[in-house]
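Novice: Assemble the whole structure, with the sequences as input and the hints as a guide.
Protein chains in written order, with this note's numbering: chain A, 38 to 302; chain B, 4 to 212.
Please note: incorrect hints may appear among the correct ones.
Covered stretches of chain A, as calculated for chain B (at least 3 residues, CB under 8 Å) [stated by the list, open to error]:
1. 84 to 97
2. 140 to 153
Between beta-carbon pairs, the in silico distance windows are [unchecked claim]:
3. B:Thr33 <-> A:Pro67: 17 to 27 Å
4. B:Thr68 <-> A:Asp123: 42 to 52 Å
5. B:Ser19 <-> A:Ala252: 40 to 50 Å
6. B:Gly24 <-> A:Met249: 43 to 53 Å
From the derived model, a few chain B residues whose C-beta atoms are all more than 10 Å from chain A [said to hold, decoys possible]:
7. Ser19
8. Thr55
9. Gln73
10. Arg82
11. Thr95
12. Leu106
13. Gln112
14. Asp136
15. Gln151
Hint data in this document are derived by calculation from the structure and do not stem from the laboratory. Here the structure is a predicted model, which means the values were calculated and not measured. Using N, Cα and C, we set each Cβ at its ideal position, and we do this for glycine too.
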Amino acid sequence: MNDGSVSAAPRTAAIVWQLATVVDVIMETPTARTIILDVPHWPGHRAGQHVDVRLTAEDGYQAQRSYSIASAPQDPRIALTIERLDAGEVSPYLTEVLAIGDRLELRGPIGGYFVWDAAREGPLLLVAGGSGIVPLMAMLRHRAAALEHADMPARHKVPARLLYSSRAWDDTIYRDELARLMAGDDALDVMLTFTREPPLRWTGFRRRIDRMMLAEVAWPPAERPHVFVCGPTPFVEVAASALVELGHDPALVKTERFGPTGGSV
Amino acid sequence: MTESFISRGFRGRRQSGTTAGRLPPGQYETRDFPVLSAGPTPRPSLAAWDFTLRGPGEAPAARWTWSEFQALPHETVTRDIHCVTKWSKFDTVWEGVSVDTLLAEAKAQGVEPAPYVLAVSDGGYTTNLPLADVTGGKAWIAASYNGQPLAPEHGGPARLLVPHLYFWKSAKWVRQLRMMAKDAAGFWESLGYHNYGDPWREQRYSGDT
Chain A
38 MNDGSVSAAP RTAAIVWQLA TVVDVIMETP TARTIILDVP HWPGHRAGQH VDVRLTAEDG
98 YQAQRSYSIA SAPQDPRIAL TIERLDAGEV SPYLTEVLAI GDRLELRGPI GGYFVWDAAR
158 EGPLLLVAGG SGIVPLMAML RHRAAALEHA DMPARHKVPA RLLYSSRAWD DTIYRDELAR
218 LMAGDDALDV MLTFTREPPL RWTGFRRRID RMMLAEVAWP PAERPHVFVC GPTPFVEVAA
278 SALVELGHDP ALVKTERFGP TGGSV
Chain B
4 MTESFISRGF RGRRQSGTTA GRLPPGQYET RDFPVLSAGP TPRPSLAAWD FTLRGPGEAP
64 AARWTWSEFQ ALPHETVTRD IHCVTKWSKF DTVWEGVSVD TLLAEAKAQG VEPAPYVLAV
124 SDGGYTTNLP LADVTGGKAW IAASYNGQPL APEHGGPARL LVPHLYFWKS AKWVRQLRMM
184 AKDAAGFWES LGYHNYGDPW REQRYSGDT
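Specialist: The following block contains the structure:
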């Protein structure tokens with residue numbers, strides 16, 4: 038946070054609505070789908086930012102929602118990964134109706150706090166619950182793209198750890214890509230925990246994220262890791278409070294919460 | 004460019020007759036109470052808690068401890084609230100002290116008003132508002148929600164309540180209102196969000212008219 042300091046109101050250009058075209062779709066899990074978009078006038082984004090999506094029905098009725106960007110800033114196409122909410126108004130459309138070739142109205146990028154830049158040295162700790170992985174994946178992809186040709190010492194200047202909680206293996210978004218990223222990178226650790234059905238013979242964590250797990254996974258507070266926590270509200274409350282209790286500087290713990298106060302991941 | 008655009012196959016969910024007209028543009032109604040905040044939830048002790056109202060510059064401040072604050076006249080207000088992340092919640096019931104009450108007490112102690120205020124919270128969060136938007140029965144320091152003490156994740160022990168603006172202006176964990184002779188951007192206002200934030204004019208982001 039900014040310690041109560043203030044700056045002059047910035048004068049910024051408007052974030053305008055534009056029409057993107059769906060160029061690909063990927064089913065990530067039974068309920069989550071990635072939409073790859075070509076956005077003709079995309080101004081670029083930072084890892085962790087989101088877009089607003091606006092749907093318009095034939096009679097002019099409109100609905101808007103915000104979705105995190107999953108793609109790296111280096112990627113010219115924008116990827117959104119959307120979890121289908123059964124009672125949702127917009128997510129069922131995006132996960133089941135929208136098809137390749139369709140157009141989608143959006144504006145962005147939005148948000149300037151929950152962002153990470155690979156040029157910032159020091160450990161990166163990512164803590165994800167469910168589809169909270171999406172903006173954190175943008176950070177890991179950004180890191181991977183920035184370090185593509187880097188040697189190990191350079192990688193170890195920006196070590197990264199992801200602790201990712203999901204209900205079951207089948208619900209784990211990006212699981213193959215996460216395994217690939219980790220296989221090629223000594224300075225990246227991905228740790229999964231399963232809250233309902235761990236895979237057969239799973240030897241890792243098999244419970245909700247708690248203080249003991251974070252103590253085991255996180256760098257010591259003295260190393261001042263940059264921490265990003267994203268997930269449903271109860272998940273973020275538990276994880277962020279535990280990190281502060283463990284001694285991490287609250288100013289280094291950035292959070293993004295979604296959904297109501299009750300939840301299950 | 005996009006005025007005639009139609010999302011192929013989108014029907015959407017219309018508002019019911021009773022709520023039509025209460026939703027600002029781009030908002031949808033939720034019955035839950037979502038939580039949005041940029042960092043961990045602060046948990047100050049009530050023994051150490053105080054609230055201050057400070058004049059412009061290094062001017063004197065009026066200060067209330069938790070028990071002094073609780074002894075001030077409280078009001079119960081029922082309002083619709085609108086979050087910039089698109090949800091709106093109707094008929095939320097709050098209890099708190101009107102900013103008018105605090106200002107009157109502070110004025111008696113020599114605190115001068117100024118055209119702008121900055122709300123400053125535990126954890127370093129800030130938000131800026133015109134004085135006119137927190138006076139005249141438009142804003143409260145709320146310490147209870149739905150008849151219960153305000154939960155920490157919703158801003159307890161006390162938050163600013165300015166229901167006619169997007170809800171990021173209703174600073175959680177508020178500890179101070181600081182008078183300012185000149186406007187200055189707060190936390191989200193300096194990170195791309197609108198300086199004023201009127202939901203009925205859909206002033207979400209800096210640059211929205």
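Novice: Which numbered hints does this structure break?
Specialist: none
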